[in-house]
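Number of protein chains: 2
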Amino acid sequence: MNLLLLSPDDLRADGSAVVEDRRLQHMLQVQRVEPGQQLRAGLLGGLMGQATVQQLDSHQAHLTLLLDQPPPAKLPLTLVLALPRPKMLKRTLQTIAAMGVQRLVLVNSFRVEKSFWQTPWLQEDSIREQLLLGLEQACDTVLPEVILEKRFKPFVEDRLPALAAANLKLVAHPGEHPECPRALGEQPLTLAIGPEGGWIPYEVELLRKADFAPVQLGPRILRVETAVPALIARLY
Amino acid sequence: MNLLLLSPDDLRADGSAVVEDRRLQHMLQVQRVEPGQQLRAGLLGGLMGQATVQQLDSHQAHLTLLLDQPPPAKLPLTLVLALPRPKMLKRTLQTIAAMGVQRLVLVNSFRVEKSFWQTPWLQEDSIREQLLLGLEQACDTVLPEVILEKRFKPFVEDRLPALAAANLKLVAHPGEHPECPRALGEQPLTLAIGPEGGWIPYEVELLRKADFAPVQLGPRILRVETAVPALIARLY
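Those protein sequences? They're chains A and B, same order as listed.
Just so you know, we're using the working numbering here: the first sequence kicks off at 833 and counts up by one.
Just so you know, we're using the working numbering here: the second sequence kicks off at 833 and counts up by one.
Among these hints, one or two may not hold up.
Said to hold, decoys possible - Here are the computed lysine-lysine pairs in the DSBU-like style, where the Cα-Cα straight-line distance is at most 30 Å:
1. A:Lys919 - B:Lys922
2. B:Lys906 - B:Lys982
3. B:Lys919 - A:Lys919
Bear in mind the hints are in silico, worked out from the structure with no lab data behind them.
Excised from the complex, chain A in its bound form:
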């Protein structure tokens, strides 16, 4: 937890904050915070800065806030990601929030096991919890938008074109394709990343029809949790 992330519910009328939950436990047990100490803090969806601990015990921490800095810019990136297995999903959500992805679409694919859609980790609260951990790690206050799409074809045909609009459109896929580009800067991008085992040809064909150009990352096959940060770091 490199940033104490406060929600509007934590604020009192005088602009100070009271923290009670997991974050208090972390302050006590891991950070061993003392009264008077300053912590990096931010308001969810808002500014970042310093919190000064006025008082704390095992139930509550009282903090005064000086929040005057904008959070780091988001990457102009929409990731369309075949739903990973639950264990990888958790870590991947954290990574996506930590690296500043603007929008994530979790989509079905032929090689996604049906059971993956049943995991409790896909519930709204669980997704939000993992994203918050990513923001706390990276020092950011702005949640990425997350969209679930359980049917590949209607998503790609009907909704993806409007979502990707004028963006650069790429699909990561092994084979004789151009190399994945680098250092896109401000260029908005929609990037589709397949499941373990990859997209099937029919899926790549549908993405091509939606103007997605296949690109490859070399001969090494990476796990989703490695491919995601590798692709993002190369592209931005």
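Given chain A, put chain B in place with the hints provided.
Chain B alone, transformed into the frame defined by chain A:
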């Protein structure tokens, strides 16, 4: 397991192979391999190609081999990595093998908890097992070299200069430093990556004296398991 990785012990005098362990279980339970089927295979430290399953039961698989392709090139990269906590160490070893790092030095640092050096995951067999999983994932046959350095100062002062020699030398460190470079191509590099919480100033100073230039990756603080693939993908 995208590559069936064979060791010289698996080979018989006629050049065929017999597989019995974890790999057999994976073939039976995950890949549901049938006699006659072809699998991507490679010989540890050697060539890759196809294995044809001649026969298999719950005890053994007999395979004939056609290995005629070189493994993918290693990156000309030595990573000097502050020892991560055991859970991260496992995943990071897999990532490092999968991405083709040539050499890894696990080094002590002020912010590495002493207990991390006691983990059974640092035993030679355990390290090797994680590296093999990475090679099987990525389709490579060549293990990275791994060196353990339990004392930072004598390593950086006495052994690192010879190890890094004519390489480009960078230390990843947040702050007002130049941006981490990109796309080094064939350029050999030694890259030092700190622990959670970062290198302390004294350590950065010692690395500077050994001609390591600090570079930064932007305002976001990434976990080691995310920073490692992100840095490698940006640099190569």
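Verification of the supplied hints:
{"no.": "1", "hint": "A:Lys919 - B:Lys922", "result": "15 Å, holds"}
{"no.": "2", "hint": "B:Lys906 - B:Lys982", "result": "26 Å, holds"}
{"no.": "3", "hint": "B:Lys919 - A:Lys919", "result": "14 Å, holds"}
The structure shown violates none of the earlier numbered hints.
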